[in-house]
Each structure stands twice: as structure tokens, then as C-alpha cells.
Amino acid sequence: MRSGRSPWILVLPALTGLALLVLPLTGLVVRAPWSTMGERLGDPAVLTALGLSLSTATAATACSLLLGVPLAWLLARTEFPGRRLVRALVTVPLVMPPVVGGVALLLVLGRNGILGRHLDAWFGVTVPFTPAAVVLAQVFVAMPFLVISVEGALRGADRRYEEAAATLGASRAAVFTRVTLPMVLPGVGAGAALCWARALGEFGATITFAGNFPGTTQTMPLAVYVAMRHDPEAAVVLSLILLLVCLAVLAALRERWTNT
Amino acid sequence: MRESARRSLCVLAAVALGATACAAGEERERLHVFAAASLTDVFTGLAEGFEDAHPGTEVTLNFAGSGDLAVQITSGAPADVFAAADTATMARVAGEGGVDPAWAAEHGERGAVFATNTLRIAVPPNNPAGVGGLADLAEEDVAVALCAEEVPCGAASRTATDAAGVEVTPVTYEEDVRAVLTKVELGEVDAGLVYATDVAAAGDRVRGLEFPEADTAVNAYPIAVLAGAADPGLAAAWVDLVRSEAGRDALAAAGFGAP
Amino acid sequence: MAPPDAPRTPGPDRSPPPVLDARLRLERDGFGLDVDLEVGPGEILALLGPNGAGKSTVLRALAGLVPLTGGHVRLDGREETATPVERRPVGVVFQDYLLFPHMSALDNVAFGPRRQGLSRAGARERASALLAHMGLSEYARVRPRRLSGGQAQRVALARALAVRPRLLLLDEPMAALDASTRIDVRARLRSLLEGFDGATVLVTHDPLDAMVLADRIAVVEGGRVVQQGPPADVARRPRTAYVARLVGLNLFRGTAEGTTVTLDPAAPAVSAGTGAPPPEDAGAARVEVHEAHHGPALVAFPPRAVALYPRRPQGSPRNAWHLTVEGTERFGDQVRVHLAGRPSLAADISPAALAELGLTRGDRVWAQVKAAEVECYPG
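Protein chains in written order, with the working numbering: chain B, 1 to 260; chain V, 1 to 259; chain P, 1 to 379.
The hints are simulated quantities; they were obtained by calculation from the structure and are not laboratory data. Here the structure is a predicted model, which means the values were calculated and not measured. A virtual CB, placed ideally from N, CA and C, is assigned to each residue, including glycine. It cannot be assumed that every hint is accurate.
Pairwise CB distance ranges (calculated) [stated by the list, open to error]:
#1 B:Leu250 x V:Ala135: 47 to 53 Å
#2 V:Asp162 x B:Gly82: 37 to 43 Å
#3 B:Ala19 x V:Ala135: 56 to 62 Å
#4 P:Ser148 x B:Glu79: 46 to 52 Å
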């Protein structure tokens with residue numbers, strides 16, 4: 001790497017960009033009522049929301065891995081008519097306002113939804129207003145991050161290794177699980193981390209599709225939003241807790257991955 | 001002072017975004033009206049008449065939940081008039097010195113109440129759960145959506161159910177009254193507590209059921225000229241329009257009650 | 001497809017039946033492949049050819065990685081043409097070896113046996129034995145990126161052999177190695193391959209690899225086998241410009257009439273380096289050879305058999321040509337002089353001789369070759 005002065009044309013925008021990302025966080029930290037922090041942290045309502053957030057985001061990430069990795073494989077490794085269209089569709093949740101995503105989920109899986117109607121009639125299952133709905137909403141908005149990340153990793157992977165595995169007698173499934181997947185694991189990890197973080201912060205689709213009931217569907221972002229209405233200070237504290245937990249988990253995971 | 005600060009901010013933003021012009025409408029006078037979301041239709045209609053009556057004026061309307069608007073106002077958003085959906089929120093803004101003192105001296109520090117709104121039980125047109133009154137909402141197999149207690153309609157709902165001695169456990173506490181209405185419209189819940197104005201706005205997509213306990217939770221809408229108003233006279237003119245005969249008619253048509 | 005000078009072509013009665021019997025026909029993107037191969041048990045066939053000749057396609061077709069548009073692949077007489085790649089009894093050592101980076105050397109070798117249904121312990125046992133055979137027991141737990149090029153090659157060979165293939169394919173096995181280790185690795189590879197009783201096909205563009213490693217060489221150019229035979233035959237009697245250049249011979253095509261061969265003016269010759277067309281002067285060049293032939297013939301002689309004189313050599317007028325110096329270059333401890341004329345050829349002389357002659361570009365010089373040094377064979 002060539003040493004020397006970095007060009008200001010890169011450094012200036014870089015620092016401005018960094019400031020743009022960090023300043024709002026600084027605002028939260030500066031304005032946080034640190035004296036009441038411990039007390040808030042011990043609040044069972046906060047702990048409930050935090051626990052629900054962590055468990056639903058993790059479940060959503062697990063679902064996304066289970067469904068998203070094969071989807072990424074399909075997009076990266078197979079040719080079928082309309083593949084480009086499918087690829088574009090996968091990114092729709094990224095551009096769709098989450099609230100709209102929530103409405104869309106209601107229209108499909110709601111009690112009167114296209115599918116939900118039958119679920120209700122045949123199995124007596126209603127999805128909205130349950131923790132499952134929270135997970136579904138999170139999967140909807142977060143899975144694209146995983147799919148895009150894994151697809152990129154798959155496209156970047158050297159396919160000759162897969163051929164080598166095939167000559168050694170590995171079926172396509174075995175090639176995928178034994179060779180392809182381990183080799184793109186860093187990409188899968190990065191995608192899963194992005195997915196988890198996005199699921200943890202998910203608000204719009206959740207409140208629309210899953211509603212807001214403490215203990216069942218009220219995740220941290222929902223708690224923050226509701227708190228904002230009557231107690232902005234509490235909202236700041238809740239936001240900080242959510243942020244710190246998220247950062248801690250991601251940092252810990254990163255440590256684990258990079259140290260192996 | 002504030003105007004110049006805003007202008008320099010504007011220039012800064014233009015530079016940052018590479019924009020060539022900042023505010024083309026600078027020569028027209030703008031009136032920034034912050035109003036509760038339930039006032040959307042009424043105020044949009046009134047704004048046209050106001051602009052006709054005050055040539056060279058442009059009314060900029062900002063609709064959102066009253067609480068959100070209060071946060072924006074106390075954080076220094078450019079606002080001339082605030083119309084809240086409840087007196088508590090207006091009291092909060094007033095408490096932080098947000099209301100124009102000269103105007104307050106004449107009309108009261110916590111704003112002037114210009115309309116009221118009462119709760120209705122909103123049900124889907126076919127009323128699948130056969131809801132007839134507030135007590136039915138306590139039935140276990142009736143799915144109910146309420147506003148979160150932190151928002152005005154939630155507080156009102158609580159007052160009403162308490163008055164009726166009914167314990168309602170909803171499936172969801174929605175973040176605002178519109179969300180409750182949407183859930184009812186989609187048939188995701190069997191009933192929800194919303195305002196008369198919401199039922200009126202929803203047309204035939206929901207049915208609104210009156211119930212006696214609603215009288216215990218009548219919601220008063222206060223309006224006030226704000227301390228940050230660029231032209232307090234113009235702002236006061238808007239308030240007067242809302243409280244005029246024409247304003248009342250428009251409000252009544254939208255389902256609001258008289259103060 | 002056995003040319004007349006391929007003595008190891010399996011005959012119907014003397015040789016054992018071939019392990020590999022392949023007719024490969026493949027049309028793709030304007031490229032056509034038309035190659036027939038037979039390889040006997042324990043035999044090593046080298047496919048030698050320039051880049052883009054289709055060597056690697058042959059290998060991929062044999063492995064089942066690209067489908068044929070015609071022909072067949074038979075192993076031990078069994079039809080394998082339609083057998084999917086994962087079920088063919090074929091082991092491949094890829095260029096760059098392609099060892100799985102996330103597995104230890106042992107797990108790389110055990111991968112194939114595991115896929116073939118062996119128990120975990122059984123697969124590891126077989127892998128351990130193979131690694132021991134390769135002299136790599138102490139590297140069993142090591143990840144591939146920690147192995148040297150030669151070690152990685154042996155792990156790759158062990159991995160390919162672990163599936164007990166009947167056909168072993170090696171794609172440019174020496175390409176990933178640096179020059180300093182090649183000699184050792186090549187010799188070691190040869191001895192390791194000797195223990196394999198199936199058919200071996202190796203692809204290379206390096207004639208030395210082919211000469212050292214193979215029992216037989218098939219030269220592939222433009223998707224076809226242009227020459228086939230034992231390494232010594234190919235080296236001594238090249239049939240194409242490419243092979244002549246590889247083995248460093250002056251090669252000419254002509255017509256023999258007794259011991260005199262008249263060189264084709266139309267197909268200017270192919271030599272150990274000079275590509276320049278001859279100047280339009282005298283008629284067709286003639287070469288005297290020591291054995292009589294008749295009809296189309298190829299004539300080859302090494303550049304070091306050429307002597308250069310400032311004046312027409314006295315006494316022996318045969319095989320002396322007046323030529324123009326095109327250029328000179330260092331070639332080992334000799335100097336290679338490229339000469340244009342009829343015929344255009346290359347001559348290797350000592351630096352001292354060069355100094356004595358004082359040759360520079362454009363000079364005219366007499367070149368002479370003894371008839372005894374000239375190899376002549378039917379063309």
C-alpha cells in the first residue's frame with residue numbers, strides 16, 4: 001500500500017459522510033437522561049420489548065437464511081425465464097415503504113386476506129397480531145439484504161471448486177452444502193448480520209401487520225415510537241438501549257468470525 | 001433573526017445538495033399551519049379560500065399526529081399556527097413557551113377550542129361480531145383495536161371504557177386512530193374505537209356506532225398562534241377563519257362537533 | 001486415428017484392451033472438437049498443444065463436465081457417455097489443484113470416498129493411506145493454503161485417486177509451480193503415476209512435461225489430433241510447425257525423389273523460430289538426405305546441425321544455401337541465428353563463431369547441413 005497524504009477529494013466527503021452517520025447518534029448520547037438509565041433498564045416493560053425484539057429478529061434471520069440462501073443460489077446459479085424480473089422483485093421490499101409492506105402483508109395474510117381467509121376458515125389460524133406476524137414482517141423487509149449479499153458472494157465464488165467436487169462424486173446438493181456454502185460463508189455471515197440488524201430496527205411493517213401489544217408484538221422500535229408521544233426522554237433511552245444491544249451483538253459476532 | 005438563520009441554512013442546504021436555486025417562492029408569504037391528522041380534509045379545503053382572500057399568501061399545511069407536531073414545534077420547526085387534537089398536547093407546547101404571548105393574552109394561553117370530536121365504535125359494514133355497544137368489546141372472541149393509551153384517542157378510549165366499567169383487552173394498541181380505522185376497514189378486527197370524524201371520512205367502508213359513554217371522553221381541539229409565527233397577524237387571520245361560520249360548517253360536515 | 005508412426009497403437013491381438021476408448025465430437029461457439037483417444041492400462045497419454053487447441057475441452061468432456069454432441073466415452077468397455085460427472089469413475093487433478101480451502105488436506109482427500117458412501121472412518125483411513133503414499137502424512141491436518149505447490153499437487157493427486165478412478169485426468173499439473181521446483185515435482189509425479197493401473201490423460205502445453213511424464217503424446221491443434229506417438233518419435237519427427245517449434249527443430253515439407261527432397265515453395269517452412277517468408281529469388285530449395293524416399297515427405301534437422309560460412313564451402317556442395325541474416329538471439333550457451341531465404345531456417349552457433357563471422361542483420365551467409373543429420377520421413 002502506497003503511503004503518503006490521502007487526497008482531500010476523498011477524505012472530505014468521507015468525513016462528511018461519517019459525520020452524517022455519527023452525529024444523530026451523538027445527539028442521542030448527549031441528550032440521554034443517563035441518571036435514570038439504570039432504572040429504565042430494569043423496567044420489566046422495557047425488558048419485555050427488548051426480549052421480544054431480540055427473539056423475533058433472530059427468528060426472522062433464521063427464516064431468512066433458510067429461505068433466502070436457496071433463493072440467492074437460484075438467482076446466482078440457474079437460468080430460467082424471468083430471472084431478471086425475479087431479481088428485481090426480491091429488491092422490492094427495499095424500496096417499498098415498510099408501512100406499505102405491512103398493508104400488503106395484511107391483504108394477503110390478514111383475516112380477510114387472499115390466503116389468510118383460508119387459513120382462518122380451515123385451520124382457525126389468524127396471523128396478524130401475533131409474534132409470528134412480527135417475524136413475518138421482519139422477514140419481508142430484511143430478507144432482501146441477505147439474498148443480495150449471498151447472491152453477490154455466490155457470483156464471486158470460483159465455480160471450478162464445484163466442478164472439482166462433482167468429479168469427486170458429490171451430488172448437486174452435496175456440492176452446495178459441502179463446498180459452495182462453506183466457501184461463501186463470509187458473505188452469508190455479512191448478509192445475516194445485515195438482515196438481523198434490519199429486522200431489529202423494523203417498525204413500519206410490524207406495527208401495520210402485527211399491531212402493537214406489549215409482550216406479544218410490541219418490539220423495541222414500536223415501544224420507542226409510542227413512548228415518543230408522551231415521554232420523549234423515555235424514547236431516547238429505549239433507542240439507546242436498542243442501539244447498544246445491536247452494536248454489542250454485531251461486534252461480538254464480527255470478532256468471532258474474523259478470529260477463526 | 002430566525003428568518004435570516006433559516007435563509008442561511010437554506011443556502012447551506014442548497015450548496016450541500018448542489019441545488020442552484022433555493023426558494024423560488026420567497027417573494028410570496030408563507031403561512032405554516034401544523035394540524036392534527038384528523039383535520040386534513042377540513043383544513044385543506046379552508047386553505048384554498050384563505051389564499052383567495054389573502055393574495056400573495058401560500059398556506060403550507062403539515063398534518064401528523066398531534067404529539068409528533070408538538071415535538072417538531074418545540075424543536076424549532078417553522079410553524080405559525082398549531083391545531084391540536086387534544087388540550088394536553090397544546091398545554092405541553094404552551095408550557096414550553098410555544099404560544100404567541102400577545103395572542104394568548106387575548107384568547108387564552110392554552111389556545112382556543114374550535115371543535116370537538118366524540119368516539120364511535122367502528123365496525124365493518126356487515127358487523128361480523130354483532131357488536132352493539134361498548135360492553136360487547138369485552139367479549140373474548142371479539143377482536144378489538146384501540147389506540148395506544150399514549151396517544152389522545154387512546155386516552156379517550158380509556159376514559160370511555162372506564163366510565164362504562166368495561167375491561168377491554170384489544171389485540172393491538174395502534175399508534176394512531178387512522179391505523180385503528182384501517183384495521184377495521186380491512187376486517188382484521190371486529191371493532192375499534194375511533195372518532196366520529198374518522199367514521200365520516202371512511203364513508204361506507206365502516207359503520208360507526210354511537211354509545212352513551214362517549215360523552216365522557218369528548219375531545220376538544222384547541223388552536224393557537226405560535227410564538228415563532230413570522231406574521232402573527234396572518235396567523236391570527238387563519239385562526240379566525242377556522243372559527244368563523246364557514247369554518248364551523250366545514251368542520252360539521254366532516255363530523256366534528258361544535259365547541 | 002492411429003498414424004502410421006505410432007507403434008504403441010493397441011493392436012487387435014497383442015495389446016490388452018484399452019481402458020479408455022473415446023470418440024469426442026463437440027461443436028460449440030464455432031469451435032469444433034474431433035478427437036479419438038485410446039489409452040491402455042497403466043498408460044499415460046499427454047495431450048500437447050497450444051492454448052485454445054481444445055486440450056482442456058477434451059479433458060472436460062472426458063470428465064463429463066461438458067456434454068458431447070457426438071461420439072462416446074467408454075471405460076473398461078462400459079458405456080459412460082451419458083454418465084453424469086459425479087458418477088463417472090474418473091479422477092481429476094485440476095489446474096491450480098482447486099483444493100477446498102475450508103478443509104484440511106486429509107478432509108480434501110476423504111471428500112470423494114465420503115461422497116461414494118464410505119463411512120467417515122473408512123474415508124479417513126483411505127485418505128490417510130494415500131497421503132502416506134504421497135509422503136504427506138505430517139500434513140494431514142494442514143489447510144491447503146499452508147502447503148507448497150508440490151505438496152498441493154500431491155494432495156490433489158491423492159484426492160483424485162481416492163475415488164478409485166479408472167481414468168485419471170491431469171490438467172496442466174505443472175502450471176501452478178515455479179520453475180525452480182518443477183524438475184523435482186515432475187520426477188516425483190512420474191513415479192507416483194507409475195503405481196496407477198488405470199488410464200491417465202494429462203494436458204500440457206510444455207513439451208518437457210509431455211516428454212518426461214507420458215508414454216505417448218497426442219498433439220492437439222485446432223480441435224484435432226495432428227500427431228500421435230511415443231515422445232521420442234514426436235521429438236525427432238515433428239509433423240507440424242507447432243511441434244517443430246516446441247522441440248526446437250527446423251521442419252520443412254517437400255517431395256522426395258530418391259535422396260533429394262524438393263521443398264514446397266507454397267508452404268514455407270516451419271522452423272525452429274523464423275517466421276519470415278523467404279525472399280523471392282532462386283527456385284525451390286533442395287535438401288539431400290541419406291535415405292531414399294518417394295513422394296510427399298517431411299524434413300527435419302536441429303539448428304545445431306547447421307554450420308555457417310562467410311563463403312561457399314568447398315568440397316561438399318550438398319545442402320549449402322546462401323541466406324540472409326534476419327537476427328540473432330541468445331539461446332542457452334549458444335547463439336541462435338535466424339536466416340531468411342530458400343529455405344528459411346535457424347542455426348545455433350557458439351558465441352565465438354558468431355564473433356568470428358561478425359554477422360549483423362542483412363548480411364549474406366552460407367549455411368550447410370550434413371545429410372546424415374537430416375531426418376526425412378513420409379509427409
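Verification of the hints:
Hint check: B:Leu250 to V:Ala135, Cβ distance near 50 Å, so the stated range 47 to 53 Å holds. Here the CB-CB span from V:Asp162 to B:Gly82 is close to 57 Å, at odds with the stated 37 to 43 Å. In this structure the supplied range 56 to 62 Å holds for B:Ala19 paired with V:Ala135, their Cβ-Cβ distance being about 57 Å. Between P:Ser148 and B:Glu79 the Cβ separation comes to about 39 Å, which falls outside the hinted range of 46 to 52 Å.
In this structure, the hints that do not hold are numbers 2 and 4, in rising order.
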